[in-house]
Each structure stands twice: as C-alpha cells, then as structure tokens.
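S.K.: In order, the protein sequences belong to chains A and B. 1 is the number of the first residue of the first sequence in full-length UniProt numbering; add one for each residue after it. 1 is the number of the first residue of the second sequence in full-length UniProt numbering; add one for each residue after it.
A hint or two may mislead.
Stated by the list, open to error - Mimicking DSSO-like on lysine-lysine, the simulated pairs with C-alpha atoms at most 27 angstroms apart in a straight line are: (1) B/Lys444 / A/Lys486; (2) B/Lys138 / A/Lys486; (3) B/Lys46 / A/Lys384; (4) B/Lys46 / A/Lys444; (5) A/Lys138 / B/Lys138; (6) B/Lys384 / B/Lys404; (7) A/Lys46 / B/Lys417; (8) B/Lys46 / A/Lys417; (9) B/Lys384 / A/Lys46; (10) A/Lys138 / B/Lys119; (11) B/Lys486 / A/Lys444; (12) B/Lys138 / A/Lys444; (13) B/Lys417 / B/Lys348; (14) A/Lys138 / B/Lys486; (15) B/Lys138 / A/Lys119; (16) A/Lys119 / B/Lys119.
Quick caveat, the hints were computed from the structure, so don't treat them as lab data. The structure presented is a predicted model; accordingly, all values stated were derived computationally and were not measured.
2 protein chains.
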Amino acid sequence: MTLTGKNLIAGEWLGETANGFVAIDAALNEPMTTKFADATEQEVEKAIAAAHNAFVGYSELSAVKRAAFLRTIGEQIMALGDELITTACQETGLPQARIQGERGRTIGQLGLFADLLEKGEYQGVIDLADATREPLPKPDTRLGYLPLGVVGVFAASNFPLAFSTAGGDTASALAAGCPVIMKAHAAHPGTAELVARAISTAISICELEQGVFSLIQGKNYAIASQIVTHPLVKAVGFTGSERVGMILQAQINERAEPIPFYGELGSVNPQFIMPNKLQQEGESLGQGLVASLLMGQGQFCTSPGIWTYVEDNNSDIFERAAIASIKASSAGVMLTPAIAATYQSAVKEWQSIENVTLLAQGQTSEASHLCQAALFATDLATFKANSQLHEEVFGSCALIVRCKNFDEMLSFVELLKGNLTASIHGTDADLNESCLIARAVAHKVGRLIYNQMPTGVEVCASMNHGGPFPASTDLRTTSVGSEAIKRFQRPICYQNMPVQLLPELLRN
Amino acid sequence: MTLTGKNLIAGEWLGETANGFVAIDAALNEPMTTKFADATEQEVEKAIAAAHNAFVGYSELSAVKRAAFLRTIGEQIMALGDELITTACQETGLPQARIQGERGRTIGQLGLFADLLEKGEYQGVIDLADATREPLPKPDTRLGYLPLGVVGVFAASNFPLAFSTAGGDTASALAAGCPVIMKAHAAHPGTAELVARAISTAISICELEQGVFSLIQGKNYAIASQIVTHPLVKAVGFTGSERVGMILQAQINERAEPIPFYGELGSVNPQFIMPNKLQQEGESLGQGLVASLLMGQGQFCTSPGIWTYVEDNNSDIFERAAIASIKASSAGVMLTPAIAATYQSAVKEWQSIENVTLLAQGQTSEASHLCQAALFATDLATFKANSQLHEEVFGSCALIVRCKNFDEMLSFVELLKGNLTASIHGTDADLNESCLIARAVAHKVGRLIYNQMPTGVEVCASMNHGGPFPASTDLRTTSVGSEAIKRFQRPICYQNMPVQLLPELLRN
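With the rest of the complex left out, here is chain A (with noise of 0.2 angstroms):
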C-alpha cells in the first residue's frame, strides 16, 4: 500500500505533504521519497481536543475490552506483513531479523498488558466499615485506580516498533484507559504510518472513539512543546537523548498544573569486574562484553559503556581478547545521519583527552556514513577530571576505567550517574567485594545484573527498565514490564460509595 505521509488525526488522515520531509535510508544513506507533512498547530489542536473527548468513554471501557483493543492492535500489526519489515529496516538501516524480533516484542508487549487487564487491572484496597469503632465509626473506604488523562508520547529513534508507535509507552498509556496522542520519530514516518493505520483498523473493529488515538508527523520542535505544554494533555512518555529530553522537562516545568514526564534519557551501563572473574574467564569476558557492546551498533540504551576493574596481569587478557574483538568488527550503519556525526564526533573528541588511550577502533568503511567501534581505556584521576567521559555515547563506544585497587573501584561509583543498569561480574571467590560494589550501585541504578550483559532486557512483571536521573526523569517508575501501565494510572478512594456508583473490581 502506498503511504500517504500524512497525520492521523482521531481517525481522518490529514496535512499538506507537498513541502514535507523526507526520511533517510540509513544504509545507503539517501532521501527517501516519500513526502511527510509536518503536522499543523491545528491539527495537533484537534487531536487533543478529540483524545480528551474519547477519554471518558474509554476509561470506562470494561478491563476485558481494553485487552481485546491491544490485541486487535497486534493482530492488525502482523497483518500489515512484509511492507512493515521492509519499511522499518530500510529507514533505521536494522537488519530484517532484528525488526522481525522487535515486532514479535512488540505484539508481546501488547498482550501482557491485555493479560494483565483480563487478570484484573489493578488490585484494589478495601477496608470495610466498623460502625462499633470508637470514638468515631470507621466508614467503608475502598482504594481504586483511574487513568490520568489523554497521554503524548514520543517515538525513540533506536526501537521503530517497540518505542514507537505502538510500543511500550503506548500500550501501558491504552491499557490504563488514556487516549495518545503519538509524536512519530522523524527518521521513521513511514514505519509509523503503517503501524497507526493498523491501531486505526483495531479502533473500527473494536468500536472505539478514533479519538483514542492520533498519529503526529513532523520534524517541527513547535509541535513537541505544544503537545507537552497542552492543557489537555495529562502525562508524557519519552525515550530519547538527554537534551532533547531535558528541552521538554523544561517546557513542561512551565505549564500552570505540574503533569508526569517519563523521560527515558542516557545511560552508560557500568560493567564491574571482579579480580577471580577476570583471571578465570578474563579472555571470554572481554568477548562477552564486545559482543553486547556491538549489538544494534551499540544503540541500545543498555549498552555497556564504561567497564571497570583492578589493574592486574589478567587485565591484560581480558584486554587483548577485547581489542581482538574490537578489531574485528564491522564497520556498520547507524539509525540516522545525526547519530553517526555525534558518535563520530565524540570518539574523534575522547581521543584528544589526554590520559585517555584508543585501544583499538574497528574496521574502517570507505562509506563515511558507515561507524567504527572504539575502545578506549583511562585511570581513575582521568576520569574523575573529564566530565565528558561520564556522559553516554550512543553506539559501540566503551571505555575502560583502569583502577588501582578496591577502594578506586568504590570510588568510581560515587563518581557514576545514574544509570538503566549496572553487572557485576564475579565468582564465589568474589563475593564479599562484590556484594559491597552492589550495595553501593544500587542507588545508582534501575536494574543490577550479576553475570550478565545488560543487553537484552526481559518484558515481565520483575522488570524494571528507569532508573535514578538521566537514566530516567522519574525513577519511581518502569517504562518496560507491566509495572508501566502504573505510570499512566492514579489512586482514588471511595468512600460509603453504593455497589452501583463503584467500579466492578472494588465491588466484592
């Protein structure tokens, strides 16, 4: 089917594509031709106007049909078929197997959050009446849930399907009862045309208000601030790069009435690696950690960007199997022409930090578009110094932290932001010094794994995928795992209320 490069506004497909942008195809790094139209303060205007009007009506949409909408919603995901892989790898440049997985994920996304529903929404608190109470008779008071409001969320650049249209903040966003009004990722419009004309279909089928969803083009910043500072607009869900994201932090601290953001920003990943470990398994770690470092060309959020651990002469193992690894890797593409400059320009950066050494780059392309991976390796007191060293580099960057001993390495932690994920690689033997790097991280981070890579995360009850700041804007919440449906709900207790005037999980 022919994409139209227009916005979908609580069901009309609507805008002006004759001076619209274009996407990029990542691996040839050319224009594409179809034309987008930026949406218009109008049309964004309309959506949310149309979203606030479906949110009633929604809200109260029974548990189980909620459920059947997000698996309408996959259904109709699976059914758009082959053109929605083509359209995905060409304008991210991810391989087919890689956005075939993401739309497996993603439809499963979609029904743990319908599983959740049918197993009962929320679990309500009932404390029931005790007239005989003295001095005062307690009253009957049950504590429910409803869904804030009609939700914004934003398209992440790194996951066309799983972060975007009808990815995670989206599904949790429709499984609480909110409408969304979606702002599509500028380097994948085509992708997201598709997939909101399969939650298009999955409204008709179910009978819904196309109010409950609308899809916003546009590589124009006014639209971002006029969603996020709407009135109407009740909570916003972000996966991006911390500027962009602490751009709309502040564009919301403006509104009259303070509103959630869940901005999922930067995270370097700290691997810790203990001294038994790196003797015993030093060569295949140093493997280990390449390979999760070069998956996705190191653009996942969870990429292990800084590893650490005491100097010592199974160090060197771990690093000559590391920069064999390095070496030998493929220069690759990356999701965007920006991405690829800000990486290029922050290797080429961290190469004239003094005390900082390029271990090894990976091959080279004679496509400049195309990205190398870079290891590189710095003591402690370098570290400390450079603050540009601490921020994330988003692709198959990693820097080793070289420490001198233990308490450097304890150090190095209170030095850390806050961070998606920490590892601690270890043996029994390392226990007790492991178990104070734990104690320590934790604070420091959303999710801390033992004797694992930190790519790869499981989308489960357990999950929890935030973290304290940049990791993420609110760490009291979880923007993967069915926790996340909580980020778009809010308590609310009723009290003396009769059977009739309570919502159906609160009645027994």
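Using the hints, position chain B against chain A.
M.R.: Chain B only, in chain A's frame:
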C-alpha cells in the same frame, strides 16, 4: 523543660537565638517569649550532609528495626507529656481536645507504618529463570524497592503534630529508609522543638546515626530554597498554600536532577446535594455541612468550601437551616494572624462580587483577630465568570452554587479544578443522577464520598489523600495512609543475583 530555640542539626542543638523570631500566642494574639534561631546556610548544609552520610546505613537497617524506631518515636512523643499539648495549643489556638486527638493520630500513623514494615515493607515480584525458553533463556529477575535518599519535609500550619515534625511525611519517609530534613513551621516552632527532641531521643535509644533526622527552624525563605534545590535532597514533601507550594515547585524545576515534589496545596471539596436528599433531609444536611465547615475553624484541607444543588422549594429549607447554624457560630481563633487576615480579606472580596450574596455570617467579636464563619450563594454563570470563586478560602467560608437544572450541575463539575475530595449526598431515588455526577467528578478528586462529610480522614491502607492539581502536585500519590510510603521508594530489578546479594524480602 525550657525550649532552647535552636535547630537540631544531626544530634546537636545549634543556632544563635538572640536575634531570632518568636511564635504568636494565637488566642491572645500576642508574641511569645522564646526566641528561635533562623538556621544558617552552614547549619542546613551540615544537616543535609549528615543525612546523606547516614542514608546507606539507615536504608540497610532491617524493616523490623525501622519499625521499632517509629514506635520509639511515638513513645517519646507521649513521654513529652502535657508540655507538648500546652505548647501546641498556645502556638496554634487549637483546643486541647483537638491537639490530644492529633497526638493520638500522629502516634497512630507511626504505628501504621511500623505495622507495615513488620508485615513486609513491600511486595516483591519474582520471575524465576527458565533456561529452556526459546529463542533465549529467561534470566531470574526480581523486583524490589529502595528508598530515594534524603527527604526534605515542610511542616503544615494546620496540623502541628500529624502533618509536622513527626507527622505523616516524616513517618513515611523514615519508614521507607530515608533520612529527613524537617523544616519546622514558623507558627509552631516550640511544638517542633519538643517533637524533634523526642525523635532525637528515639535515635539514641535505637542506636542510629543522628544524621537520620534534623530540625531546621526559620522564617527566612532562603532556607526553603536551599533545601529543595540541594543536589543531595532526593524528594520533598510539603503541605500548605498553593502560592507557597508553587514557589517551591518553581525552585525544584530549576534543579539539574528532577526530583519528586509532593505538594498538597488547595481544595474546595465540592458537595453535591441531590433533589431527593434535599427534600428528605434538607434541614439536617444544612446543619451537618455547617458543622463540617466549622471544624477547626474551617482550617482543614478537606473543609467543604463549595456546595451545589438544583434549586427548588426544598433548597429554601436547606439554606435556612445552614444560615441559622452559621449565625449561631462564635467567632474563632485562627492559626496565625496572617491566616486570619487572608481569610478576612477573601470574605470581603467575595462580598464585592456582583451576584454573589452573603447569606449569613457568624457572631462578631470585639477581638479583631477572631474570624466569623461566612456563607455565600451565587448562580452558575457568576461562578463561571469569577475565577476567584474557584479558589480555596482557608477558613469557615462556603459558597452555594445554585443550579437551575441538572445539566447546570454537570457543567459545574467541568469548571472545577482538582480536589482532595467531593461528596455526593443522595438517596436511592437519586441514584441515576448521583451516578452521572460520580462519573464526571471522579476525574477531579482524590476521594469520592457518598452521604458523609469530607472532614475526617481515615488513616488506613485504602485511603487516598491527594488528587488532581492543585489538590496535589503529584496526583499519583497519597500523603495519608500506608500507601504514602511509596512516595519515598523506587523500584529496582535484581537480575540473576546470588542469594547473598539479594535483599531479605526477595530471597525466597
């Protein structure tokens, strides 16, 4: 025991009181004798640094030991004896029975969190490993919770015990494992010092680090700013006016790292009176609403500030009963001269609004600092046109919005800002209309009440004391009840952890 007038900085009583401020004896409207020291920048810095240093150790204290600490605080508050009651009554003008009741509630709140900790401080989620899962094995993932870090708490003017030094915010933060920096309210510094003494004694008895709690005295606004913008402060709790709350919010917005701000600000607590209820119980309901309005001289955050019904013959009976009750009420002492002045000026301003009728006032008093209750009435159009009528007047002032028909009553709901509570007063014959009101007003309130008054907040697991802005700056949380602990915790996922590195609760 003589009051020192000093700040409790991590176990030491510090400060220069010579040029300090004094509290006002509310009933007499006269300055009291003890001088209190505005904390210096250095003292605040010292308190926060000590709290930060105490954090990891305190956070690792077992839940049972934290529970014992909370109970010991309660015992030490009781051990303060009559001096606490006398001081609080004098500083706030609240009657002895009320302060005694509030002391009981304060100790009850500490006990509620202690019970929670003893039962299991949170519900972990455990998803076991599955090595056989395709295409990739499932790792062991376990979801637990960690405390946020140092919490800044601001005491409320209207609850010198239950929402102040050892009040709900402090109790829930300490329960969560967070050290507390308490900014005392300048209207009741002596009460604050006494309770801080009890907490300090409890810290010694339980052999904790004194940095776990500090009391900051002061009238200087720079102190508040220093606390909320300090990089080591990780959450802030506040109960007070919308004006002051939004000043703090703006300062928090300037931080590099966003942190949760729990501000409980303002609420008009609308009362919806349905036709059959009006007919059957108009007189007693008129008296009952006035009784609720007069509680604590209207200085409750849940005071019923706006009442509405569809005008008919029965509304006359209701209004006559309410007018008689208002007229019979004595002028009363307010918490502070500033609150009295603000109340009197709001009542005066409302009298000047066209189409707003002053139905009745309470008895006058020769003492100009005593305030009379006031009851106003208007129509929906006037209410809609005058935004000052939508704001909370802190004190015994209520406004009746007389609707011409039920549609007007539904439009009235749309005009409301966020509220802590709303009550629907109806009979079975009103159920259909009550249901329509409940559906609409649920999205404007944190607690929805049927046939009961809004004043009186149960302290239990199913309570929600919060709501859409300006009731709260974070509608996802409650400041009363055991769920309040969640404001100071955040999730962490442990992946593939050896049992030695897991928290106790996640080991099974």
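S.K.: Take the hints in turn and mark each one as holding or not.
M.R.: Evaluated hints:
no.: 1; hint: B/Lys444 / A/Lys486; result: holds, 19 angstroms
no.: 2; hint: B/Lys138 / A/Lys486; result: holds, 24 angstroms
no.: 3; hint: B/Lys46 / A/Lys384; result: holds, 25 angstroms
no.: 4; hint: B/Lys46 / A/Lys444; result: holds, 23 angstroms
no.: 5; hint: A/Lys138 / B/Lys138; result: violated, 47 angstroms
no.: 6; hint: B/Lys384 / B/Lys404; result: holds, 14 angstroms
no.: 7; hint: A/Lys46 / B/Lys417; result: holds, 23 angstroms
no.: 8; hint: B/Lys46 / A/Lys417; result: holds, 23 angstroms
no.: 9; hint: B/Lys384 / A/Lys46; result: holds, 25 angstroms
no.: 10; hint: A/Lys138 / B/Lys119; result: holds, 22 angstroms
no.: 11; hint: B/Lys486 / A/Lys444; result: holds, 19 angstroms
no.: 12; hint: B/Lys138 / A/Lys444; result: holds, 25 angstroms
no.: 13; hint: B/Lys417 / B/Lys348; result: holds, 23 angstroms
no.: 14; hint: A/Lys138 / B/Lys486; result: holds, 24 angstroms
no.: 15; hint: B/Lys138 / A/Lys119; result: holds, 22 angstroms
no.: 16; hint: A/Lys119 / B/Lys119; result: holds, 25 angstroms
Checked against the numbered hints above, the structure breaks only hint 5 and satisfies the rest.
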